[in-house]
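Chain residues, written in single-letter form:
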Amino acid sequence: MHGEILRDLAYLLASVLFIFGLKGLAHPRSAVRGNLTGALGMLIAVAVTLVAGGVLHWTWIVVGLVVGSVIGTALALRVPMTGMPQMVGLLNGFGGAASFLVAGAELVLKFGGDAHAGPGALQEKIAIAASGLIGSVTLFGSLIAAGKLQELHFSWKGRKIWLSSSLLLPGRHGINALCVVIAVALCVLVVRNPETAAWYWLLVLAAAVLGILITIPIGGADMPVVIALLNSYSGLAATATGFVLSNNVLIIAGSLVGASGLILTSIMCKAMNRSLANVMFATLGPTAGGPTADEVYAGKIKATSAEEIAMLFDGVQRVVIVPGYGLAVSQAQHAVRELATLLEARGVEVLYGIHPVAGRMPGHMNVLLAEADIPYDKLKEMDEINSVLPQTDVAIVVGANDVVNPVARTDPSSPIAGMPIIDVDKARTVVVIKRSLSPGFAGIPNPLFAMDNTLMFFNDGKKAFDELIAAVKES
Amino acid sequence: MSFVLLLTVFVLAVFVGFEIITKVPPTLHTPLMSGSNAISGITVVGALVATGAGEGMLATGLGLFAVIFATINVVGGFLVSHRMLGMFRRKG
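Line by line, the protein sequences give chains A and B. According to the numbering used here, the first sequence holds residues 1 to 475 in order. According to the numbering used here, the second sequence holds residues 1 to 92 in order.
Check before you lean on any hint, since a few could be wrong.
Unchecked claim - Among the chain A residues that face chain B by a calculated CB cut under 10 Å, a handful are:
| hint | residue |
| --- | --- |
| 1 | F18 |
| 2 | L75 |
| 3 | E106 |
| 4 | S165 |
| 5 | A228 |
| 6 | L245 |
As the list claims (entries may be wrong) - Far from chain B by the CB rule (all over 12 Å, computed), these chain A residues:
| hint | residue |
| --- | --- |
| 7 | S155 |
| 8 | C179 |
| 9 | I182 |
| 10 | G219 |
| 11 | D294 |
| 12 | V316 |
| 13 | V348 |
| 14 | G418 |
To be verified - Restraint ranges, calculated between C-beta atoms of paired labels, are given here:
| hint | chain 1 | residue 1 | chain 2 | residue 2 | range |
| --- | --- | --- | --- | --- | --- |
| 15 | B | S2 | A | L152 | 44 to 54 Å |
| 16 | B | L58 | A | V66 | 19 to 29 Å |
| 17 | B | L58 | A | H27 | 38 to 48 Å |
| 18 | A | H334 | B | S2 | 52 to 62 Å |
Hints were generated in silico from the structure; no laboratory data involved. In this text, a Cβ means the ideal position worked out from N, Cα and C, and glycines have one as well.
For reference, chain A alone in the conformation it holds in the complex (with noise of 0.2 Å):
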């Protein structure tokens, strides 16, 4: 009894160092000491369960913490900054992963074998149900999300087909409802009798044909909600697996989790001036009625060098780089750290201006641009850079689109309208690294191409950078 007592305090105390961790985790000067506190609370919650948690075999736990942890570290310091989206994703998985099976586990040993096994809560029954649910679900979906943000692609008839596009099956709301159905159906199968293990298995495989299904028909620039959202399902499915044990500490880490990833879900959306089913559920693309490319573009079109742009940065006072997920793609982030090396030894100030869903997930842009070692100070948030790119000499978008298209502001018609943007059309001057004129993820032309502050360089990411290091060294 009194082990039971001392072991639910450990799990209060793991609890505690959760919320101060998590706390720590969400200012940049106390966010290292937050993260090693959350470990502490881990390890703590770990130790006191390996102790007084009634554990009678060793073999198979060592066994599974020692092959955990081997593929963990092997993965997180292997893992290059560019694969970071691809690795949230895999870990937000592989928490559903480990509650579906634990919830599976406690269905065998609570119910199994014998059907009389005594009646057991409904509440314990309905948890058991609602991890397997939200488990797979997570994991399959995040499998999917990892896949696409891997760019992955398959053969089909002779074409060659990329996960990450939208991959819009017909008839798919359909599809989805019909699972929906289906899985709730299971979930009753498995409350009224939880001593059919198959109905279990099978909720299980129907959660994950729904993960898949929600996850695939959404593409590009939507990513960063499906990974934020994600996040927030592998904390709820913790929850889940906490109501089957009756284990707080479970239940506390899980909602917390669940919480955090609900706010970058939220703030994600704001970003982009969308509700969540509009993200879900909708697809964007180009509306009917709105110009097409030529008419935007045809004749207004400058193209510039490296040489010229080098002559720009002459006497300037401030630059401001917008980086998007063509940064991450050409792997820029080292030549722009370079050119701004430069340019600050000129006594040029250069500042970055991140918007909130540039590239793959929440925050993409700035663990890139602090793999280059440029300091967190000098990357701005999006209403902090607008607010001095009116007195800004040369502003230089390097793989963003949508996020810098002034329609957001002007045409209320427009699939991306009232979404907030960096408003770059209004520095003095405007440089775009991009290869060509193709539309962002939106699929709608950008009339700051056009403008006449704005020059193309057409270019590669990396390259265009390479050649303006080049350059300005001549210059």
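We have chain A; now place chain B onto it with these hints.
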């Protein structure tokens, strides 16, 4: 423990979660996700108990895989966050 008590803890924890993570700066969005993810690996506690109970192959097997997935989540999550935060800390 009674269901209502568990539910009380859940609801209060959600509020605490919202309270402590409002206004997280965009710089930290990614490490916050990977770090919070590691915390959701707390399921490892349940996985350890299921594996260690030693009641039949099926429960032990499911528990074993749960331990592996949850441990990857915990170790990978905290470590990768630490790596990222180490880069953020340096000032130029």
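Beyond 12 Å from each Cβ of chain B, as asserted for V348/A: Given a closest Cβ separation of 15 Å, the condition holds.
Are L245/A and chain B close enough, Cβ to Cβ, to be under 10 Å, as the hint says? It holds, given that the least Cβ distance between L245/A and chain B is near 5 Å, below 10 Å.
Between S2/B and L152/A, is the Cβ distance one that fits in 44 to 54 Å? Roughly 47 Å apart at Cβ, these two residues keep to the hinted range, so it holds.
Does the claim that I182/A lies off the interface hold, with its Cβ farther than 12 Å from every Cβ of chain B? holds (23 Å)
Is the nearest CB of chain B more than 12 Å from the CB of G418/A? For G418/A, whose nearest Cβ neighbour in chain B is about 20 Å away, the distance exceeds 12 Å, so it holds.
Would the hint on A228/A be counted as holding, given a Cβ-Cβ threshold of 10 Å to chain B? For A228/A, the interface hint holds, since the closest Cβ of chain B sits about 7 Å away, which is under 10 Å.
S165/A as an interface hint toward chain B, with CB separation required under 10 Å: violated (24 Å)
Restraint check, 10 Å cut-off on beta carbons, for E106/A near chain B: holds (7 Å)
Separation of D294/A from chain B, once the least beta-carbon distance is taken, above 12 Å: Consistent with the label, D294/A stays out of reach of chain B, its closest Cβ about 36 Å off (over 12 Å).
Between L58/B and V66/A, is the Cβ distance one that fits in 19 to 29 Å? Given about 22 Å between the Cβ atoms, the range holds.
Given L75/A as an interface hint, is its Cβ closer than 10 Å to any Cβ of chain B? holds (5 Å)
Take a quick look at G219/A and tell me if its Cβ sits farther than 12 Å from every Cβ on chain B, holds or violated. Per Cβ check, G219/A is outside 12 Å of chain B; nearest 20 Å; holds.
Checked against the numbered hints above, the structure violates only hint 4.
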